[in-house]
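Asks: Chain A is fixed; fit chain B onto it per the hints.
Read top to bottom, the protein sequences are chains A and B.
Mind the numbering: the first sequence is residues 1 to 511 in the numbering used here, read in order.
Mind the numbering: the second sequence is residues 1001 to 1615 in the numbering used here, read in order.
Simulated from the structure, these hints should not be mistaken for laboratory data.
Bear in mind that the values here come from a model prediction, so they are computed numbers and not experimental data.
Please note: incorrect hints may appear among the correct ones.
[Unchecked claim] Quick list of in silico lysine-lysine cross-link-like pairs, BS3-like style, CA-CA up to 25 Å:
#1 B:K1165 - A:K380
#2 B:K1165 - B:K1538
#3 A:K456 - A:K372
#4 B:K1115 - A:K456
#5 B:K1165 - B:K1115
#6 A:K380 - A:K456
#7 A:K456 - B:K1165
#8 B:K1547 - A:K380
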Amino acid sequence: MAELPILSIMTWSPFVAALIVMFFARHRPLLVRWVSLIGATVSLVASLWVYCAYDYDAAGFQFHEEFSLVPSLGISYLLAVDGISILMCLLTSIIIFAGVFASWTVKQRSQEFYALLLLLVTGVYGVFVSLDLFIFFLFYEIAVLPMYLLIGIWGSTGEVRPQGIFGWAFGRTGVGTKEYAAMKLTLYLLFGSAFILVGILALYVAGGSQTFSFLAFEQMEFDPTLQSWVFLAFYIGFGILAAIWPFHTWSPDGHAAAPTAVSMLHAGVLMKLGAYGVVRLGMGLLPEATVEWVWLVGAIACINIVYGALSAMAQTDLKYVIAYSSVSHMGVVMLGAATLTASGLNGSVFQMFAHGIMTGLFFALVGLVYEKTHSREIYKMGGFGTMMPGIATAFTIGGLSSLGLPATAGFVAEFLTFLGAWESNYSWWLFPAVFGAFLTSIYVLRVAGQIFWGPKSTDPHFQHLPDAQGTEWAALGILVFVLVLFGVAPSIAIGPIDTATGPLLQRLLGQ
Amino acid sequence: MMDAGYVALAAPLLHVLAFLILAIVAPLRRLGRPAAYVSILCAAGALAAALNAWRAHAGDQISRIVWTWLPEQGQSLATIGVLADADSTVMLTLVALVSLLVQVYSLGYLSDEPKRALGRYYAYQSLFAFSMMGLVIAPNLLQLFICWELVGLCSYLLIGFWYQKPAAARAALKAFWTTKAGDVGLLIGIVLLYRQAGTFDLTELQVLVANGALPLAGLSIITFCIYLGAVGKSAQFPLHVWLPDAMEGPTPVSALIHAATMVTAGVYLLMRTAWLFALTPDVLLIVAWIGAITALLAAILACIQNDVKRVLAYSTVSQLGYMMTAIGAGFAGAGFFHLLTHGVFKALLFLGAGAMIHAVHSNNLSDMGRLARSMPQTAIVFIIGTLSLAGIPMFGGFLSKEEILGAVWEGGLVGPFIILMLVAFLTAFYMFKAVFLAFFGLAPSHASHAAPSHPHDPPASMSLPLWILALLSMAIGVYFTFTHPEPEFVSPGWLMPSAVGVAVAGIALAWLVYQRRAISADGLARAFSPVYYAAENKFWVDAFFEKVVARGALAFSGAVGWLDRYIVDGVLNVISAWTLTAGDDLRGLQSGKAQDYVYGVAVGVLVLLLWVQFA
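Here chain A stands alone, though its shape is the one from the complex (with noise of 0.2 Å):
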């Protein structure tokens, strides 16, 4: 498949459309959407064209693209995708896809905005198409700085009043404000990727600094100590932006802050790009300290599921019940990687893509309610349903996929997971699992039914609210239609996912 370079087609796209936007595009809204529009759409029909030429017979890395850019240090452009890649692209172009038509309504700065997110997604893609781990590491950052602009230009302000006994920290710091959240985001995703560079560097150098190539050190056998050492750093690195405890209080912040669509993005995209790093580098590149270190893993990611769905049950405020979520659905993910079963591994990378759908979709109701009420006060809203039936219908299936409802893509995943916590060789992970997913009907059903399926709220303000219009409903119906299709028909993520869990599993406990 040597004849077009499809990846960097996809990769790039959203670049080139975000050149166009902040050179060609200035002070027309309408075009700069339009051209964001054309690129995030060349880049969805590019990842559906890899997701259906790829040949599931043969596996492995596929659509290889490469040349040298620094041979010196063996440094090259090595672009290839395999089953779990080819998920991770997808779900990225349609979450950019639907993010375009969710920040349609965006007026201040709508040409720096998209350019941003643009260059936000390129990095994304980039990072799960790279093979050469010093690009890899690029895209990274990439797809992690621009992150600051958009929250800090473009973010709301929540209300979180400093108190307890670290209350002078939080005054100092400037809790709540959107700047502290972009702040605090990016200092500690780049705090994170020091720990990457440092592990990647790390086994440069004991590679024989010759090749940053993911191919050439699958192939090496690295000391045990320092795969210990280099997956304990890729596992803190690439776990800071998956959340993982203690260190997820980025993400509750960051979400709550930012605007719609980098919510979206980044709860739906970004944190995989965590998880996919752990899968990938840590599980893909170390199998002993892997084995060696699963029941951190795995531990830490039940406290996960159990501690953000209670900390989710606590909230009051819409964005954080959904940002809260998203760090106990990381857990799942995290669980079923550790799991080291077939089941389990399928069920991780399952649940990357049905957590990124379905928050995604979570972001974008929550900013459709908060454009049309100005609140995020669950306990404020009330009865919505009747006004606004599309957004409440939206928002219960999306409920309904996260805590694990069959018929929808959350239950795949997590009954996966489920089955690989038990085969593993830690069978307790099975409770906490099962016990976050009914934590998870718990908080969801109540906010549900408090915003939407109760008695109307009196609020003079709430009277008389708009549905979703126009544009609105091409962002919902997309990620429903996706959400409820992978439910329905699991084997379409599976099919891929399989091709590449196999040997990866097989390198795993092969040894």
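Replies: Okay, now just chain B, sitting in the frame of chain A:
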């Protein structure tokens, strides 16, 4: 000829077709009645398919069709498909019949609903019928679980159909959460069983069990977990609390979901896996005792209700306890038989109650009275249903109830048997209490708010389903009074007369108290005052869940939320604050004065010299 399994499959597929049409074609859904016609048309087709499937499988014919649903490493991890045999197709027919009748009935019952709401209602109804049928014909435990959750969802949606009413919104959530708690058990049970057996497939599992190839270690835990799912769904003590509250939904919904079909899913599950439970007699004993306790507590609660739907709801809980006790005694067939007859006459009772409620605009028995004059048809069908429930010969529940009693006796469970005999008495009592209060006795005091002066029999769309169910109950009753199917056991000869005698005694007491007024109801309450007091407080089960479990969970989550915000994140902010402060402080070092720097250099050199000297 086409495989008969496809005929069984056609029934749920027709319902899902109706659901998809109504869900996707929003303009049609918003028209209201046309949407209802689409749904009813599909339901009629589904009934025809189900009847055909039943006819094809009435003997020993078994059809099994499966497709891979979830692949794993080139193999099939889970399948979906059809397992049609005598049991599943007769259940399929029951579901198809009751859902069709309920859908027709709802046309009249919900005629005042806004068009949009009506369309939504029929979409939910179709989704429910699809899921319930999918559950019934499930060839494996995973499909069963999937449909199990979907019927729970439909139950939630339909209980909360009038979600603007706070009580309905609350009841919907309560139902979902309570059943979900049981479902957690079921899910764990399925996962554990998969590890033990390597399959979800019922047929393969049965072969494993028959060959003795299933390891028995830990099997009790597995069957107990599966049973927990049934406890939630089939409203067994202590998770029965959601069912009476579920009466906030429209009455046809109560008839279909909360009497005839969904709540019996737990019984059905245990019947389908009876060969598995047979390996764990300890769990069966629990099933039987919990069933008997449920039957008794619910019957006592039914006696003190004034709301006709709640009487029926507790009666459903009580009858589910009956079925479970029979299964616990090891005779799943008897429980399943009662499930089928109960499905018919309880649907009849609920729909009849719906006609009464529709006529007097109140659920309260005290707002009814002497309705036999103004609503003779409703009175007749309701009394037929009541006699069926009481287990009087020639009526629907007669033989199935005796079979359960016989099964429990035969299983050697004397304690549960005595309880069930007591429950038979109470059942006849509370049901006839409702009959006498509603249809005979005194006219209601018209002081109550909305009672119109001229209640009348319902329109044809409502009375037709009533008569069909009534005649069906009679037919079942007459048929089984004279032709005894070969039971798995022979009950002692004294059992049938004494069971009927107990029921007649219950009717007589109700007559004395509520018709002749020879015994004062208050006096009766006083005579049993401790029981009455406990029953008034619903045996404190609801209070336990609301005050202890719910509040405890909320308080705990609040504590975790606080911990996360102010301690876990607090530590992070402390580090940041220290960094900021350190920056501020260290900034002082860059004073810009040359003498400070020279001073610093001098101190540094001194320290270095000392270090070189002594280190």
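Asks: Does each hint fit the structure? Answer for all of them.
Replies: Structure-based check of each hint:
About 18 Å separates the Cα atoms of K1165 of chain B and K380 of chain A, which keeps this hinted pair within 25 Å; it holds. In summary, the hint linking K1165 of chain B to K1538 of chain B is supported, as the alpha carbons are separated by about 23 Å, within the 25 Å threshold. The suggested pairing of K456 of chain A with K372 of chain A holds, with an alpha-carbon distance near 16 Å, which does not exceed 25 Å. The suggested pairing of K1115 of chain B with K456 of chain A holds, with an alpha-carbon distance near 20 Å, which does not exceed 25 Å.
For the hint pairing K1165 of chain B with K1115 of chain B, the CA-to-CA distance comes to about 19 Å; that is within 25 Å, so the pair holds. Among the hinted pairs, K380 of chain A with K456 of chain A is consistent with the structure: their alpha-carbon atoms are about 10 Å apart, no more than 25 Å. Restraint check: the Cα-Cα separation between K456 of chain A and K1165 of chain B comes to about 9 Å, which is no more than 25 Å; the hinted pair holds. A threshold of 25 Å between alpha carbons decides the hint, and for K1547 of chain B with K380 of chain A the separation of about 24 Å falls inside it, so the pair holds.
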